[in-house]
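Peer 1: Hey, can you piece these two chains together into the complex? The hints should help.
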Amino acid sequence: MVRISICIFSFLILSCLPAKTQKDTLRRAWVGLDILPFAKSIYGSKENAVELFGSYRIGKNRYAVAEGGISSAKYDGSNFRYASAGWFARGGVDFNVLGRDKFPGNDQILIGLRYAYSSMHYRAEEVQIPAGYWPAMATEISQVSFGSHWLEARAGIRAEVFPHFFIGWSVAGRVLLYSGHPESMEPYVIPGFGNGTRKANAGFGYFVCLNF
Amino acid sequence: MLRMNIRLFFQHARLLNGKGLLTAFLIASGICFLGVSCTGDNACKQSRDVYLVVSFRTTFPKTEHDTTLPDLTVYGLTRSDSLLYDSARVSKVSLPLNPSSDTTGFVFSCRNAADTFMVVCTRQPHLLSYECGFVMYYRLIQVFLRGNLADSLRIIQSDVTTDHGTNIHLYF
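Residue numbers (our numbering), protein chains in the order written: chain A, 1 to 212; chain B, 1 to 172.
Okay, chain B solo, but in the shape it has when bound (with noise of 0.2 Å):
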């Protein structure tokens, strides 16, 4: 079937005009192939944050399940100036790692007691796309805590990337 359509295409092409007119006609008809090519399109349409994901858990009174802190406060270890969540109502927190350091420490505090959190991590630069650029990927090594606020901690997912997926469990 496909020889035949292949034949009748040819001697069509051959009565237009000549047997030189074939090869214009089979050259051009080459070309239009570029003319129905896809063209890109250049925006960024994928989140560029990376976040380490900090989900809140009890085990009180019995089965273990997510909780919630009434009175939130987080900041970087050194920028307490600039807070993260101010006295916040949340069940999981969102932090951002430093991406100059392989090590970044946080404090969180509610009420009376606080917490200082500290992130011991590989970094990885990524390609998101060509569109998008770059972002620092990371990789948990440890995660320690010192204070008085949380009562344990478990790394759930040590990559830290886009996906926003949670990465630690704190227990209270």
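One chain only, chain A, in its complex shape (with noise of 0.2 Å):
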């Protein structure tokens, strides 16, 4: 019903805005910021993240990019209370694969891989091992500091909604090659990555940059 609400909202607003003439006037560098993880934190996710992101064009259709960010994760289980936080980094390649001698503009279809990195740390508190046979037991799992990295591919569109100002999204495939967490607890997220439960994780982001 969130997800739902958000489309036709963002549906309305695009709907509205001016048509443009589209002429190739790209500059070399981009920055951008991932806005999703707001909407998100606005209906009560239970991460808050902060993503940004650069990329240099360092050939006719190729750009190097490098996307950073942190992120705060909270969860209240059945009989735990779990905090972490941490941040990320990625670099890697986009490739636009739009050409511009058919479509002369702005608007970039991008695809790309990236290597990723995640440093983080988590707790759990309140930890209630419930009644049985035996009495029940509080304990908790005290701060534990650990890396994980990942591989990442990434297809998405950019588009120019005024000179030099775009919006866009980009879907994430993300394979986990490491995570040194303890065996006792999986984390919830892992930054950039998303659900730590998971081997394999997909991803959306939905971002604005400046082209300058």
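No wet-lab data here; the hints were simulated from the structure.
Any given hint could turn out to be false.
Unchecked claim - Footprint (simulated), chain B over chain A, 3 or more residues, beta carbon under 8 Å:
#1 69 to 78
#2 131 to 143
#3 186 to 199
For glycine and all other residues, C-beta sits at the position ideal for the given N, C-alpha and C.
Peer 2: Right, here's the structure in full:
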């Protein structure tokens, strides 16, 4: 329901955008911000995140990309309270597969690859082992720090709304290569990767960016 | 083939209502990805029970095989008021270890014989899943037997988890 309302609201706003004349006036560098985490936090997501990216044209249709961000998460389970925080960085390349000769203008369809690393710490408090035959006991998992890294394939669209101001989305397929978390507790969220209980994740980003 | 499809997609989009609509269309289509993403189910569907499983074995008359005790009573060492098994006919027992202590004792009695069964282990809280929460996992270090019921024992699997496999063979 929340996602449907975001979709409808965004569609209404975007339908009001003025038509524009597209010219190929791209500059070499881009900086952007993923705004989806802000929308999620409004609707009570357990994760809070900020993600920025920058890219630089290194060939006719090639871009070197660096992304980074911070993330924190809280989860109140049936018999515990969980909290985590950390940062992540990604590096890779994007390719614009939209041919300029056929489609003059600045809109882009990008596909790319990333290598990513995340460092985070987590802890669990108020862990209650429920009573059974023996009495219940209370304990905690003290703070543990560890790193994770993964590979990511990316595809998305970047469209020029106003001169040098772009908006777009991307989908990502992520495969976890390694995570150093203790065996006794998988992380709820790995910053930049998503669900920490899975070895593979799909991701979605919705961003605004400037070309300069 | 992919490039051809993309080209057709953009040409159709532009014909609809000018180039500005293309931008809006592309972005709106992206947002609609949100609507098809999965929603989680928060119900716990795993067993949360962690038991030390003790199987009864005998080598009588020659080869080793499972055996059944006809009239077995089992309770925790300080919990004689609360029986785990009451005059039961069983070939194995599932025993809850004490999550608050590294040592748990049980009393096995069968007719006129009885044993005190002491388990020494390490404990580790384990997050089963975010839906199910924490349970206590154990790793057996030593198991002692005192009394006149069983002959000996052997640790088969030292990790006591939710998998409910046999941890100890108790020989009669």
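Peer 1: Against each hint, give a clear statement of whether it holds in the structure.
Peer 2: To see whether the hints hold, each was checked on the structure:
no.	hint	in the structure
1	69 to 78	holds (count 3)
2	131 to 143	holds (count 8)
3	186 to 199	holds (count 3)
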